[in-house]
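Given the coordinates of chain A, work out where chain B should sit on it, guided by the hints.
Number of protein chains: 2
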Amino acid sequence: MRRVAEPGEAITFAELRRATRNRGMPLEALALDVTPVGLHYLMIHFDVPLLDEDSWSLRVVGNVESGLDLSLADLRSMPQTSHVVTLECAGNGRTLMEPRPIGQPWGLEGVSTAEWTGVSLRSVLELAGVGADTLDLVFRGADRGQQLGIEDEYRRGMSLDDAMRDELLLAYEMNGRPLEPQNGAPLRLVAPGWYGMAHVKWLTEIDASTDRFDGPQHAAYRYRQSEDDRGEPVCRMRPRALMVPPGVPDSSTRERLVEPGQVLIRGRAWSGSGPITQVEVAVDESTHLADLDPAPVGRWAWHGWSWTWNAEPGEFTLTCRASDATGDVQPIDQRWNLLGVGNNAVQQLAVTVS
Amino acid sequence: MRRVAEPGEAITFAELRRATRNRGMPLEALALDVTPVGLHYLMIHFDVPLLDEDSWSLRVVGNVESGLDLSLADLRSMPQTSHVVTLECAGNGRTLMEPRPIGQPWGLEGVSTAEWTGVSLRSVLELAGVGADTLDLVFRGADRGQQLGIEDEYRRGMSLDDAMRDELLLAYEMNGRPLEPQNGAPLRLVAPGWYGMAHVKWLTEIDASTDRFDGPQHAAYRYRQSEDDRGEPVCRMRPRALMVPPGVPDSSTRERLVEPGQVLIRGRAWSGSGPITQVEVAVDESTHLADLDPAPVGRWAWHGWSWTWNAEPGEFTLTCRASDATGDVQPIDQRWNLLGVGNNAVQQLAVTVS
Chain A
1 MRRVAEPGEA ITFAELRRAT RNRGMPLEAL ALDVTPVGLH YLMIHFDVPL LDEDSWSLRV
61 VGNVESGLDL SLADLRSMPQ TSHVVTLECA GNGRTLMEPR PIGQPWGLEG VSTAEWTGVS
121 LRSVLELAGV GADTLDLVFR GADRGQQLGI EDEYRRGMSL DDAMRDELLL AYEMNGRPLE
181 PQNGAPLRLV APGWYGMAHV KWLTEIDAST DRFDGPQHAA YRYRQSEDDR GEPVCRMRPR
241 ALMVPPGVPD SSTRERLVEP GQVLIRGRAW SGSGPITQVE VAVDESTHLA DLDPAPVGRW
301 AWHGWSWTWN AEPGEFTLTC RASDATGDVQ PIDQRWNLLG VGNNAVQQLA VTVS
Chain B
1 MRRVAEPGEA ITFAELRRAT RNRGMPLEAL ALDVTPVGLH YLMIHFDVPL LDEDSWSLRV
61 VGNVESGLDL SLADLRSMPQ TSHVVTLECA GNGRTLMEPR PIGQPWGLEG VSTAEWTGVS
121 LRSVLELAGV GADTLDLVFR GADRGQQLGI EDEYRRGMSL DDAMRDELLL AYEMNGRPLE
181 PQNGAPLRLV APGWYGMAHV KWLTEIDAST DRFDGPQHAA YRYRQSEDDR GEPVCRMRPR
241 ALMVPPGVPD SSTRERLVEP GQVLIRGRAW SGSGPITQVE VAVDESTHLA DLDPAPVGRW
301 AWHGWSWTWN AEPGEFTLTC RASDATGDVQ PIDQRWNLLG VGNNAVQQLA VTVS
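Top to bottom, those sequences are chains A and B.
Mapping of the first sequence onto this note's numbering: position 159 corresponds to residue 159, and the numbering continues sequentially without gaps.
Mapping of the second sequence onto this note's numbering: position 322 corresponds to residue 322, and the numbering continues sequentially without gaps.
For reference, chain A alone in the conformation it holds in the complex (with noise of 0.2 Å):
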């Protein structure tokens, strides 16, 4: 059972202790286009795997021709490609839902830009001759624990298609160096596009069934109604846009201070979906074109925006709303689901400006 807090209910213990583990990434590193690696949000289900690489390996079974099992020296002889790419996790903004559903209480901070290097994970499935009957090829971690009531690794399935994009990786790299544990050391999915559930995490099987896979990190990511309602699965990253926060902060409220005048609103839009084709920004009721970045510094990173506010005193409530070009635009109010997930509706951010 997924439990939803009461109307007006505060944030409970078991929650606190999920946000204390997990990190965001503090908004103002929006201005960043790449996240350093100690700025990256971390969403981590069970505990961090410390893998040993020389005995670590990835087998690739199941419906292929051959079996594989590929040390990382395999693994860094073959091509190697990169690609910078702008993660999510699902249950961003999930704090901002209301009900609220308890899980990992995001508010915004879920998001992280990073520059993944590896091998195209096409040409590991090909290098197994994986079966073209295949429906799901089943991606396993180290990390382990109980959740749902069951206790097992960390599993996702993605079907044939999804995996046989050319953007999909078997990452080594983040930034142009090793992996550190807590990204999946030694090796990890990256899956463009994708919200973060789908790039599994210290990887160290890719088990091509001929069954689509179901299990507690599937059930954990569907567009749910209620408990009776199955849902639709969770996949791509909904449009949004995130500003970094104006003037300076309380240290206490984290409320923003902002002097008057010129002020530079900047931040970054994405989508799983399509590149970012408008977004706005607002203060209070009154709505401006923020000018876009000349392009991305990648096909599947986030977008610059920029837009200049001549600040008067008072107190403000600035929006920015993002619109990608399959039309799909963020939404002012919430879409409220069980889980907590995929709630992309218009970032508000109160200012006072004196």
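Treat the hints as calculated values from the structure; they're not laboratory data.
Each residue gets a CB set at the ideal place from its N, CA and C atoms; glycine is no exception.
Hints should not be assumed to be uniformly reliable.
As the list claims (entries may be wrong) - Here are some chain B residues pointing at chain A (derived, C-beta under 7 Å):
| no. | residue |
| --- | --- |
| 1 | PRO7 |
| 2 | ILE11 |
| 3 | GLY24 |
| 4 | PHE46 |
| 5 | VAL48 |
| 6 | SER251 |
| 7 | THR253 |
| 8 | VAL346 |
What the hints assert, rightly or not - Sample of chain A residues lacking proximity to chain B, with all beta carbon distances greater than 12 Å (derived):
| no. | residue |
| --- | --- |
| 9 | SER55 |
| 10 | MET78 |
| 11 | SER159 |
For chain B alone, coordinates are given in the frame of chain A:
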């Protein structure tokens, strides 16, 4: 005014906003001598400044023979020194206090160890010719915001005697690489043995003052029993042992599930006042001496310890307790104070063996 939660009061949204910005070290990382950059705990009072290291410089001003304005290249041309240092937030353990002081709501994750490299602080103070009648060196960071109603940059004073000690560092590298923004790039103070608030990040100025310095960052770090109590300043880390949580977690509750049999219980212990001399592990009421590793990786680094538990089915509470060479021993119970600092009461970890 500092607020203390009502008995049983749940976590507030303002506390949560801090928890999702600041970053704890997941306790399984206690297995590592040195914490990877991306797992090091972070406690940032305002915003992370993104400084241009080419235009940045460190000014040394005030009661000095010759003021200095040092570029990063200047500092890198001076003799280099390194220390492996365990750093702990003074507020670590705050949410375990009853009643709970409102602040950054740490469980026990506000600690990490890194190798810091830079120049000795004393060499820079000697280069400037700091006057012998100096009372405090005032370290100024580039991070700015409002705290306790005062808007300022982060500033902390340290007495000349403390600042002239051998081990104080102006660090430009962490774990062998230039500092990332969140760790204080391009330069931070490292004050081995002290709680984290003394290790001023994003350093821009050292001001030699013939007065004692006081400010919000001093008011916030005192052992006070009430608003009327001025209290003693928070300085060195009190002794503490923490353990790697054994077994596997439940992803929602973080409760630990352990298999029966021989279970290696291990962790780290540290104190800012002297070497660790003993760690005791208890399973409920049954107490055992842990084996200390031969030596820590450095005088200022945590000390590894271990003990093998023959776990039988049941529910147990594990605790660990450190003593240091000054004779200081961790208390079983909290030593409560208004700001929730220095709570080194022993860790209690509930585990289910089945």
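> Minimum Cβ separation between MET78(A) and chain B greater than 12 Å?
Replying inline: holds (26 Å)
>> Take the shortest C-beta to C-beta distance between PHE46(B) and chain A; is it under 7 Å?
In response: Holds, about 6 Å.
> Against chain A, is VAL346(B) within 7 Å by beta-carbon distance?
Replying inline: Violated - the Cβ of VAL346(B) stays beyond 7 Å from chain A, reaching only about 18 Å at its closest.
> Do the numbers back the hint for PRO7(B), that is, is its least Cβ distance to chain A under 7 Å?
Replying inline: The hint is violated - PRO7(B) has no Cβ within 7 Å of chain A, the shortest such distance being about 14 Å.
> Would the least Cβ to Cβ distance between SER159(A) and chain B come out above 12 Å?
Replying inline: holds (25 Å)
> Once the shortest beta carbon distance from GLY24(B) to chain A is found, is it less than 7 Å?
Replying inline: Holds. Min distance 4 Å.
> Can we keep the VAL48(B) interface hint, with Cβ of chain A closer than 7 Å?
Replying inline: Since the shortest Cβ distance to chain A is 5 Å, the answer is holds.
>> Interface hint check: SER251(B), Cβ to nearest Cβ on chain A, cutoff 7 Å. Holds or violated?
In response: holds (4 Å)
>> Tell me if the interface restraint on THR253(B) is satisfied: Cβ within less than 7 Å of some Cβ in chain A.
In response: holds (6 Å)
> Are all beta-carbon distances from SER55(A) to chain B longer than 12 Å?
Replying inline: holds (16 Å)
> Holds or violated: ILE11(B) as interface residue toward chain A, Cβ cutoff 7 Å?
Replying inline: Nearest chain A Cβ about 4 Å off; hint holds.
Checked against the numbered hints above, the structure violates hints 1, 8; every other hint is satisfied.
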